[in-house]
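Asks: For the protein sequence lines, the chains are A and B, in the order given.
Per the numbering used here, residue 44 is the first one in the first sequence, and the count goes up by one each step.
Per the numbering used here, residue -16 is the first one in the second sequence, and the count goes up by one each step.
If you are wondering where the hints come from, they were derived from the structure by calculation, not from laboratory data.
One or more hints might be untrue.
A partial selection of chain B residues facing chain A, derived with a Cβ cut-off under 8 Å [what the hints assert, rightly or not]:
{"hint": "1", "residue": "Asp(-14)"}
{"hint": "2", "residue": "Tyr(-13)"}
{"hint": "3", "residue": "Thr7"}
Backbone N, C-alpha and C define an ideal beta-carbon position, used for all residues, glycine too.
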Amino acid sequence: MELRVIEKEPTMISIEIAGEDHTFMNVLKGALLESEGITAATYDVNPEQSGGQTDPVLTIKTEEGVDALDALEDGAQRVVDKSDSFREAFEAAA
Amino acid sequence: MQDYEVEFVERGDREARFLVRGITPAFANGIRRAMIADVPTFSIDQLRVVENSSVMFDEQIGLRLGLVPLTTPEGEFEIGDEVTLALDVEGPSREETTETVTAYSGDIVSSDELVRPADDNIPIIDLKAGQRLEVEADAVLDHGREHAKHQGGVAVGYRHLQQVEVVGDKGEFADDEPHILRGVIEDDGELIATDEFDNDLTERYPDKELAVEDVPNAFVFHVETDGSMTVEDLVVRAVDSLRDRADELRESVQL
Chain A
44 MELRVIEKEP
54 TMISIEIAGE
64 DHTFMNVLKG
74 ALLESEGITA
84 ATYDVNPEQS
94 GGQTDPVLTI
104 KTEEGVDALD
114 ALEDGAQRVV
124 DKSDSFREAF
134 EAAA
Chain B
-16 MQDYEVEFVE
-6 RGDREARFLV
4 RGITPAFANG
14 IRRAMIADVP
24 TFSIDQLRVV
34 ENSSVMFDEQ
44 IGLRLGLVPL
54 TTPEGEFEIG
64 DEVTLALDVE
74 GPSREETTET
84 VTAYSGDIVS
94 SDELVRPADD
104 NIPIIDLKAG
114 QRLEVEADAV
124 LDHGREHAKH
134 QGGVAVGYRH
144 LQQVEVVGDK
154 GEFADDEPHI
164 LRGVIEDDGE
174 LIATDEFDND
184 LTERYPDKEL
194 AVEDVPNAFV
204 FHVETDGSMT
214 VEDLVVRAVD
224 SLRDRADELR
234 ESVQL
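Chain A extracted, bound-state conformation (with noise of 0.2 Å):
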């Protein structure tokens, strides 16, 4: 997964996630506005036939004393527990 930071202060990052579309980045979106420290988190993305930036773009703003960097790693470490208790959740019932 290719990674370009856009801009990057303490308390907001903005990021391009490079073959990524909406089915990874909304669910990482909705991981992270469920995060604690994160005061905003959105992500942008422009149609395959814009032909210009067509790789999504994440922007995260947290709290004072939240670092950005650490809390996309959060958010990342969340959608990995929420597949791994999906996946338990379904193989029990299946």
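Following the hints, put chain B in place on chain A, whose structure we already have.
Replies: Chain B alone, transformed into the frame defined by chain A:
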């Protein structure tokens, strides 16, 4: 971490409905999209035509063969891996009374028993006397986002679970109209698919005043696969693809 609760409403190898409680709309949609576009399946992609004296062009035959679902086992192959298949069918001989012989997906012979047509009864083409179709084909493993023939899930969606509550009796002169509802309802903890009562709530609760509400964070998935894998495999592989991407992101961020 929050716990999910999964309960099957209907289940088959290729089609199932299951309820998930405690799931956010974002995650539910991610799983749905992953089932459609991110779980790879095998599909014929290249043809070497040895003989095609049928009434159709090579390209048309190629398109039809590409749409035949092939079984795709987990973990055995990587994206871009190829498996060779062959098809050799001849029309009836002139002496025979039958007019045509149909080439079916079941006539396709695979070089790898793990990857073979999921159905044997898909017609490819009718062959008349003197016509013959002999091809060698390469099936390739790829994602649904590259081409729809690689989609494992053919009808994948979800709806909110709906709670039906009887709030009173209908007035004596109330309109006698049907109350159509589709999906799965919950009545005192019991899950009922709406087709059990013809999708019409007045069949189940005659002359009752009802309150229907979506249950928050409870979604009923309806999943149908093309036969390349079971519903359970498809769901698990879709969730795993999300997990893998999140894990990769977490690792890239750490660096």
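Asks: Please go over all the hints and tell whether each is borne out by the structure.
Replies: Right, here's what the structure says about each hint:
For aspartate -14 (chain B), the shortest C-beta to C-beta distance to chain A is roughly 6 Å, which falls under 8 Å, so the interface hint holds. This hint holds: tyrosine -13 (chain B) has a C-beta 4 Å from the nearest C-beta of chain A, less than the 8 Å allowed. The interface hint given for threonine 7 (chain B) holds, since its Cβ lies 5 Å from the closest Cβ of chain A, which is under the 8 Å cut-off.
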